[in-house]
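J.: Taken in sequence, the protein lines are chains A and V.
Going from the first sequence to my numbering is simple: count from 1 and add 9.
Going from the second sequence to my numbering is simple: count from 1 and add 9.
Rather than coming from a laboratory, the hints here were simulated on the basis of the structure.
Treat each hint with caution, since some may be false.
It does not matter which identical chain is meant; a pair holds if it fits inside one copy or across any two.
To be verified - With a straight-line Cα cutoff of 16 Å, these simulated EDC-like cross-link-like pairs (lysine to aspartate or glutamate) come out:
(1) K22 with D266
(2) K378 with D98
(3) K231 with E170
(4) K22 with D374
(5) K49 with D67
(6) K351 with E166
(7) K307 with E162
(8) K148 with E239
(9) K333 with D156
(10) K92 with E407
(11) K65 with E157
(12) K333 with E54
Listed below, chain by chain, are the residues.
Number of protein chains: 2
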Amino acid sequence: MNRFFAERALGMKASDIRELLELTQRPEIISLAGGLPNTKAFPAEQISEICKDILKNDSHIALQYSATEGIRQLRGALVDYMKSSFHVDGEVDNLIVTTGSQQALTLISMVLLNPGDLVLTTAPSYVGGIGAFRAFQAKMDTVAQDDEGLVIESLSEKLAELKTKGIKPKLIYVVPTFQNPAGVTMTEKRREEMLELATEYDVLVLEDDPYSRLRFEGQEVKPVKYFDYEGRVIFLGTMSKLLSPGLRVAWMLAPKDLSRKFAIAKQSADLCSTTFSQFIAYEFLKRGYLETHIEKIKAMYKKKRDIMLTAMDEHFPEGVTWTKPEGGMFSWVTMPEHMDSKLILMRAIKEDNVAFVIGSAFYPDGSGKNHMRLNFSHSSDDKLNEGIRRLGVTLKKEIED
Amino acid sequence: MNRFFAERALGMKASDIRELLELTQRPEIISLAGGLPNTKAFPAEQISEICKDILKNDSHIALQYSATEGIRQLRGALVDYMKSSFHVDGEVDNLIVTTGSQQALTLISMVLLNPGDLVLTTAPSYVGGIGAFRAFQAKMDTVAQDDEGLVIESLSEKLAELKTKGIKPKLIYVVPTFQNPAGVTMTEKRREEMLELATEYDVLVLEDDPYSRLRFEGQEVKPVKYFDYEGRVIFLGTMSKLLSPGLRVAWMLAPKDLSRKFAIAKQSADLCSTTFSQFIAYEFLKRGYLETHIEKIKAMYKKKRDIMLTAMDEHFPEGVTWTKPEGGMFSWVTMPEHMDSKLILMRAIKEDNVAFVIGSAFYPDGSGKNHMRLNFSHSSDDKLNEGIRRLGVTLKKEIED
C-alpha cells in the first residue's frame with residue numbers, strides 16, 4: 010500500500026509510548042505510565058442528572074449537528090471562565106470549542122505549518138504536540154527547561170542563532186504550568202520575557218494549559234495569554250482533566266484572524282465537536298458544579314502526589330532525582346546520564362511488574378534517555394506506593410549492574 | 010496574520026454554503042438547505058435510559074480516554090452490523106471509529122494526499138469531501154453522473170485520458186447510494202464496473218455511505234465494499250443519520266495497511282472520539298433499538314419525500330426537473346442551462362422567504378450553477394409543502410423575467 014501514501018504519512022509512526030503501553034496491559038502490572046485522570050474524579054452522578062435534563066428538554070438541539078465553532082452558550086460560559094479563573098479577557102468570536110486539545114494542536118498545525126517550518130519546543134515537551142507538528146512535517150528544535158520552566162537565555166540564544174541562519178520559527182510551543190511531562194511551572198517573569206522575545210523575533214506562542222487549575226500549593230501563576238497585549242498567543246484549555254476526558258471538550262482562544270482559519274480547518278476536520286458533550290460541559294459550568302468539583306480533585310491528587318514523593322524518597326536510589334510539582338499529574342525523574350530508560354522499562358515490566366513512560370518520547374530528537382515520566386493521578390493510593398517501591402527495586406538493580 | 014499561514018491555509022475559505030446559510034437564520038425563512046436529520050427522529054428517551062445505565066455502571070470507562078481506534082465493544086458491534094446490514098465481512102482490526110465521517114475524510118486526505126495529487130469525484134459530489142481534499146491541496150477532476158450514479162464511460166474515458174498525460178489519480182470518491190446532493194443511487198453493475206476500472210488503473214475507491222439504510226422503496230443495492238475482493242475500497246459508515254449526528258459516531262472500514270496509518274493520523278487528530286458517545290451507540294446497537302428506530306425514520310422521511318415530490322409537481326414551472334430518490338434526504342433540481350441558482354437563492358431569500366443550497370457548492374470547479382439541492386428530512390410536513398410552494402413562486406418569476 011506504500012504507493013498510495015502521502016509523503017507526510019511515511020513519517021507517521023506509532024509512538025514509542027503507544028507500542029510500549031501495549032505491554033503494560035497485563036493485570037499484574039502497576040502502570041504509572043498513562044496520563045489519565047483518576048476515574049474516581051469523574052462526577053458521574055452530576056453528569057447523569059445533567060444528561061437526564063438535557064435529553065428531556067433540549068434533545069432536539071443536543072443530539073443535532075451544531076456550529077463548527079461550538080455551541081454559543083458553552084463558548085460564552087468559557088469566555089466567562091477564562092476571565093474568572095485565568096484573568097484573561099476573551100471574546101466569544103475568538104473562542105473555538107475543539108474535540109480535545111489534541112484537535113487544537115492539529116488544527117494549528119494544519120493552518121500554520123508548511124513542511125519544513127520550524128517549531129520551538131522545550132526539552133522535554135508534550136508528546137501529543139510533537140506528534141501533531143510531526144504529522145504536518147514540521148521541523149522541531151528545542152530550548153532548555155529547568156525547574157522554573159523554559160530557560161529564557163536558551164530561547165534567546167536559539168532565536169539569535171536561527172536568525173543568523175535566516176530561519177524564522179513559526180511557533181514557540183509551551184505547556185507552562187505543571188508541564189507534561191516534567192511537572193514544572195514557568196515563572197511569570199519568564200512568561201513575560203518569553204513574550205518579549207516572541208515579539209522581537211515575530212513568532213507566535215502556543216500555550217497549552219490542561220493542568221493549571223489543579224494547583225495543590227504555592228502561588229497561582231497567570232497564563233502567558235494574560236500578558237499577551239499584542240495578540241500573539243494561542244491559548245488551549247480543556248475540560249479533560251477537570252470534568253472528563255471521554256467527553257472530548259476543550260477550547261482554543263486565539264487572535265481573531267487565526268480563529269477564522271481554525272474554524273474553517275475544523276469544518277473539514279469533524280464539522281463540529283460532539284454537541285451532547287458540549288451541552289454537558291455547559292450545564293456543569295452553569296450549575297456551578299465545576300469549582301466544587303475541582304477542590305475535590307485537588308485534594309485527591311495532592312494526597313497522591315505526597316504519597317509518590319514520600320515513596321520516592323524512601324525507595325529510589327542515590328543519584329536519581331525528580332521534580333516536586335505543585336500541581337498537575339506528573340513528576341519527571343532524572344537518572345545518571347549513562348542510564349537508558351527504555352532498557353529500564355523493559356526490565357521494570359519483565360522483572361518488577363511496573364511501568365512508566367520513557368523520557369525520549371518527550372524529546373523531538375529522541376534524546377532524554379536518562380529520564381522517565383511518572384503519573385500520580387491515575388493509580389489508587391496503595392498501587393502508587395507499591396508501584397514506586399517496585400520501580401525503586403528496578404532502579405537499584407540497574408545502578409548496581 | 011497572513012505571514013504565519015501555511016500554504017494550504019491560504020486556500021481555506023468558508024464554503025459558499027456556510028456564508029449563505031447565515032442568511033437563512035431568520036425565523037420567517039423556510040430552509041430546505043441544511044443536510045440535517047429531523048429532530049423528531051432522535052430517540053431521546055432511549056438515549057436517556059442508556060445514559061442513566063452507562064453512568065451508573067460504566068462511568069469509570071465511559072468518561073475516560075479510550076483507544077484511538079474506538080472502544081472494542083463498539084468496533085465489534087459495528088463489524089457485526091456491517092455483516093448483517095451491508096453483507097460486508099470486516100475485521101475489528103480494520104475498523105476505526107471516527108468523529109463523524111467528516112473526520113474520516115480528513116484522515117484519508119492526511120494519509121493519502123500530497124499537494125497536487127488528483128482525486129476523481131462525481132459531478133456533483135458531497136461538499137464535505139471536496140472541502141477535505143481541498144484542505145490538503147489535492148486537485149480534483151470530475152466524472153459524469155446520471156440517474157444511475159457515476160457514469161462508467163465517463164470514468165473510463167477520464168482514466169484513459171489521464172493516463173496518456175501520465176497522471177494517476179489516488180482516489181475515486183463516491184457517495185453511491187442516495188447521493189448527497191443528487192439523491193441518485195449507483196446500480197450494482199456500475200459498482201462492479203467501477204471497481205474493475207479502479208483495479209485496471211490502480212486507484213483506491215472511497216465509498217461514503219451515510220444514507221443507504223434509509224431506503225423507502227426499490228431494491229436494496231449492495232455497497233461497493235461488498236464487491237471489493239482485492240482490498241481497494243475504504244468504506245465510511247455513520248450513526249449520524251440513524252441515531253444522532255450530535256454524538257459524532259461514525260466508522261471507517263479500510264484495507265489493513267491503510268487502517269494502521271489512519272489510526273496514527275487519528276492519534277494526532279483527536280486522540281480518541283468521544284468515549285461516552287461510543288458507549289451510547291454501542292448500547293443502542295446491543296439493545297436492538299437501531300432496526301426498529303430505522304423503520305420509524307424511514308416512514309417519517311418517505312412521507313416527507315412524497316410531500317416534496319407532489320408539491321414540486323404542483324408548483325414548479327415547466328423546464329425544471331428533479332431527481333426522485335428512493336431514500337436518503339435530498340432531491341436535486343435541474344433548471345434551464347442559463348439560470349444561476351446563486352441569483353435565484355438571493356431572490357428566494359429576499360422575496361419569498363425560502364432557502365436551498367446552490368448547485369455550484371457541489372462541483373469542485375464551481376460549475377453546476379443551474380442546479381440546487383433540496384433537503385426533505387429536516388422540515389415539518391407543513392413547512393416542506395409551503396417551502397416548495399414558495400420556491401415555485403421564485404422559479405416562475407425567474408423564468409418569466
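J.: Are the CA atoms of K307 and E162 at most 16 Å apart within a copy, between copies, both, or neither?
T.: For K307 and E162, the Cα distance exceeds 16 Å both inside one copy (33 Å) and across copies (66 Å).
J.: Using 16 Å as the alpha carbon limit, work out where K65 and E157 are close: within a copy, between copies, both or neither.
T.: neither (49 Å within a copy, 43 Å between copies)
J.: Check K231 against E170 for me: Cα-Cα at most 16 Å, and say if that holds within a copy, between copies, both or neither.
T.: neither (30 Å within a copy, 61 Å between copies)
J.: For K333 vs D156, is the C-alpha pair at or below 16 Å within one copy, between two copies, both, or neither?
T.: within (9 Å within a copy, 68 Å between copies)
J.: Cα distance capped at 16 Å. Does K92 pair with E407 within a copy, between copies, both, or neither?
T.: neither (49 Å within a copy, 52 Å between copies)
J.: How would you label the pair K148, E239 (within, between, both, or neither) given a Cα cut-off of 16 Å?
T.: Neither. Shortest intra-copy (26 Å) and inter-copy (37 Å) distances fail the 16 Å Cα cut-off.
J.: What label fits K378 with D98 when the C-alpha limit is 16 Å: within, between, both, or neither?
T.: Neither. Shortest intra-copy (41 Å) and inter-copy (44 Å) distances fail the 16 Å Cα cut-off.
J.: Classify it for me, K351 with E166: is the Cα-Cα distance of at most 16 Å met within a copy, between copies, both or neither?
T.: neither (31 Å within a copy, 55 Å between copies)
J.: Using 16 Å as the alpha carbon limit, work out where K22 and D266 are close: within a copy, between copies, both or neither.
T.: between (33 Å within a copy, 12 Å between copies)
J.: If the cutoff is 16 Å on CA atoms, where do K22 and D374 land: within, between, both or neither? Let me know, please.
T.: within (14 Å within a copy, 35 Å between copies)
J.: Can you tell me if K49 and D67 fall within 16 Å by alpha carbon in one copy, between copies, both or neither?
T.: between (28 Å within a copy, 12 Å between copies)
J.: Reference check for the pair K333 and E54, CA-CA at most 16 Å: within, between, both, or neither?
T.: Neither way: K333 and E54 sit 33 Å apart in one copy and 49 Å across, limit 16 Å.
Checked against the numbered hints given earlier, the structure breaks hints 2, 3, 6, 7, 8, 10, 11, 12 and satisfies all the rest.
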